[in-house]
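S.K.: These protein sequence lines are chains A and B, in that order.
Sequential numbering from 1 applies to the first sequence in my numbering.
Sequential numbering from 1001 applies to the second sequence in my numbering.
These are computed hints drawn from the structure, not numbers from a lab.
Think of the CB as a built atom: it goes at the ideal place given N, C-alpha and C, for glycine as much as any other residue.
One should not assume that every hint holds.
Okay, the calculated bits of chain A under chain B, using three or more residues with CB under 8 Å as the criterion [what the hints assert, rightly or not]: (1) 42–48; (2) 106–113.
As a list, the in silico PhoX-like pairs of lysine-lysine whose alpha-carbon atoms are at most 25 Å apart [claimed, not checked]: (3) 22(A) x 52(A); (4) 52(A) x 19(A); (5) 1070(B) x 1036(B); (6) 1070(B) x 41(A); (7) 1057(B) x 1070(B); (8) 1056(B) x 1070(B); (9) 1036(B) x 22(A); (10) 1056(B) x 1036(B); (11) 52(A) x 41(A); (12) 1051(B) x 1036(B); (13) 1051(B) x 1070(B); (14) 40(A) x 1070(B); (15) 18(A) x 52(A); (16) 1036(B) x 41(A); (17) 1036(B) x 40(A); (18) 36(A) x 1051(B); (19) 1036(B) x 1059(B); (20) 1057(B) x 1036(B).
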Amino acid sequence: ETGVTQTPRHLVMGMTNKKSLKCEQHLGHNAMYWYKQSAKKPLELMFVYNFKEQTENNSVPSRFSPECPNSSHLFLHLHTLQPEDSALYLCASNPTGGANTGELFFGEGSRLTVL
Amino acid sequence: GQQVMQIPQYQHVQEGEDFTTYCNSSTTLSNIQWYKQRPGGHPVFLIQLVKSGEVKKQKRLTFQFGEAKKNSSLHITATQTTDVGTYFCAGIPGNQFYFGTGTSLTVIP
Chain A
1 ETGVTQTPRH LVMGMTNKKS LKCEQHLGHN AMYWYKQSAK KPLELMFVYN FKEQTENNSV
61 PSRFSPECPN SSHLFLHLHT LQPEDSALYL CASNPTGGAN TGELFFGEGS RLTVL
Chain B
1001 GQQVMQIPQY QHVQEGEDFT TYCNSSTTLS NIQWYKQRPG GHPVFLIQLV KSGEVKKQKR
1061 LTFQFGEAKK NSSLHITATQ TTDVGTYFCA GIPGNQFYFG TGTSLTVIP
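Next up, chain A with everything else stripped away, as it sits in the complex (with noise of 0.2 Å):
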């Protein structure tokens, strides 16, 4: 149990739907992030947010949207997805959104595979 939940677990979606990743931080946290780990490829870092403001886009496509409404809770949408987009998602927190307060705790992942 890391603190951080992710809902759901196994996601299959078509490229037409509307779907959306959730993750939920019991630890306190101000900073919260999104990762996408595919097959054979380094964690790709997706967005951040510290304090409910996005402090970094990895230049993710826009079919991806992200949501903080609050320091607790990090929402992923996703739309008009593409077979290569299948991956798996991580939700990420930390105390302060810097490296240097701390390390990444990490959601167990939504596994995502579009047909």
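On the provided structure of chain A, position chain B as indicated by the hints.
M.R.: Using the frame of chain A, we list chain B on its own:
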């Protein structure tokens, strides 16, 4: 851009053998972190190194940070089947995490 390379990509060892993975950055890092991801699991933090030349140990695991703060290594002595997984380094050049490609370790009983 920032690159963190990790070698080898895969390593198969007999149980009881040693294992080492190396992490190299194109730029100087303020610190480096190591994570382990078990098959089907999520990355879990192992350790953080901050000082040039720093060496830290956790039981059979030894972590080193290079003098120039551009490379790091993780060494496991006498591997066990519980060591199976992918080991990632995360280089921190400023205030952000850049993950290496990971080394997938298989331990043959």
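S.K.: None of the hints should be skipped; say for each whether it holds.
M.R.: These are the hints, each one checked on the structure:
no.	hint	in the structure
1	42–48	holds (count 4)
2	106–113	holds (count 4)
3	22(A) x 52(A)	15 Å, holds
4	52(A) x 19(A)	21 Å, holds
5	1070(B) x 1036(B)	20 Å, holds
6	1070(B) x 41(A)	21 Å, holds
7	1057(B) x 1070(B)	20 Å, holds
8	1056(B) x 1070(B)	17 Å, holds
9	1036(B) x 22(A)	24 Å, holds
10	1056(B) x 1036(B)	16 Å, holds
11	52(A) x 41(A)	28 Å, violated
12	1051(B) x 1036(B)	21 Å, holds
13	1051(B) x 1070(B)	11 Å, holds
14	40(A) x 1070(B)	23 Å, holds
15	18(A) x 52(A)	23 Å, holds
16	1036(B) x 41(A)	15 Å, holds
17	1036(B) x 40(A)	16 Å, holds
18	36(A) x 1051(B)	30 Å, violated
19	1036(B) x 1059(B)	15 Å, holds
20	1057(B) x 1036(B)	15 Å, holds
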